[in-house]
Amino acid sequence: MDHAMDQPIPISGSIEATAPFSNRPPSPPYIHVPPFMGMDTAGGKGLFRALTLTPSPSNLGSAGLTEAAFQTVASYGPLAAKDNANQWVYEARRQIQQVLPYMYLGPASAVRDRQFIANEGITMMLALRNARFPTTGFVIVDKVAAELGIARENIDISGHWELAGAFTRAVGLINAHLELAGPRGRVLVVCETGNERSAAVVGAYIMTVYAVDLVMAVQFVGLKRFCVMFDDDTKNAMQVYGDILRARRDVQGFAGVEQKVEGGKRRVDEVLVSEENGMVVDEVEVERYTGRGFVPFVERG
5 MDHAMDQPIP ISGSIEATAP FSNRPPSPPY IHVPPFMGMD TAGGKGLFRA LTLTPSPSNL
65 GSAGLTEAAF QTVASYGPLA AKDNANQWVY EARRQIQQVL PYMYLGPASA VRDRQFIANE
125 GITMMLALRN ARFPTTGFVI VDKVAAELGI ARENIDISGH WELAGAFTRA VGLINAHLEL
185 AGPRGRVLVV CETGNERSAA VVGAYIMTVY AVDLVMAVQF VGLKRFCVMF DDDTKNAMQV
245 YGDILRARRD VQGFAGVEQK VEGGKRRVDE VLVSEENGMV VDEVEVERYT GRGFVPFVER
305 G
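What the sequence shown shows, in my numbering, is residues 5 to 305, in sequence order.
Treat the hints with care, since some could be wrong.
Just the calculated beta-carbon pair ranges, DEER-fashion [stated by the list, open to error]:
| hint | residue 1 | residue 2 | range |
| --- | --- | --- | --- |
| 1 | A54 | I19 | 57 to 65 angstroms |
| 2 | R156 | D235 | 38 to 46 angstroms |
| 3 | G65 | T140 | 36 to 44 angstroms |
| 4 | G65 | N123 | 31 to 39 angstroms |
| 5 | L184 | N158 | 12 to 20 angstroms |
| 6 | I144 | G169 | 22 to 30 angstroms |
By construction, these hints were calculated from the structure, which means they are not laboratory data. Every residue gets a Cβ at the ideal spot worked out from N, C-alpha and C, and that includes glycine.
Please take these sequences and the hints and turn them into a complete structure.
And the structure:
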């Protein structure tokens, strides 16, 4: 039961809290993903606009793409998604939608439509399965893949805490397949509903290859398959994955740059040297230590 303190009160004897607190475990902040507004009303023109993805060579290394795989992705040029919610029908949730020219998303049950799989030229199926019931609902995926001679990969996930790791593995599998298949490569990503784990993987792939943030990736997938669902746990996992991607890009950006560090860690008083001593305080360092004067508890009297 949460109990928030409105006013600082004594904790024990003369020990007193200096700020309100609660007795519940900390929780990650809510991640708001606003709906994409397809109508640009600026200036009263009412023009339709699209959400656009553009592959960048500078993202090649951090995305784990080989030159061959990148050329396959880049050959499609910028990709756009428009707001077609008014054309979405309820029955479409049971079907497969094309999210990228080489990537499709849908429920495992839709694989029964062998004609669609053959017509679209699917060359690989990637199934995101519940680790507790890995075969439930996915037998048809293995069967159709074997019948049509399509590559098949499975990733079993026990819970949302495994998603970030699953994203890395999924992106690696997809990129490896695109490198082998070349321009003819087409990947179908499925889960039980086509709305949860598989949608998150497609979103993570977009974040990786097109260097966009969580919000834009979720919006893009949602424009292509209107019924997808990204709950708080999924968005938090994608946010963690996005942080990992940014760290990779930062490391790649500093590759080859030598950084010499002398001695051990510096103390705060060694870093924040005043101008009176002939040194200018680094603004970055000042920001780094701002707010560290907070003391959660004090002793009174």
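A quick look at each hint next to the structure:
1. A54 / I19: 57 to 65 angstroms: holds, 59 angstroms
2. R156 / D235: 38 to 46 angstroms: Given range 38 to 46 angstroms: violated, Cβ gap about 27 angstroms.
3. G65 / T140: 36 to 44 angstroms: Given a distance of about 38 angstroms, which is inside 36 to 44 angstroms, the answer is holds.
4. G65 / N123: 31 to 39 angstroms: Once the Cβ atoms are compared, 35 angstroms apart, the range 31 to 39 angstroms for N123 and G65 holds.
5. L184 / N158: 12 to 20 angstroms: holds, 18 angstroms
6. I144 / G169: 22 to 30 angstroms: holds, 27 angstroms
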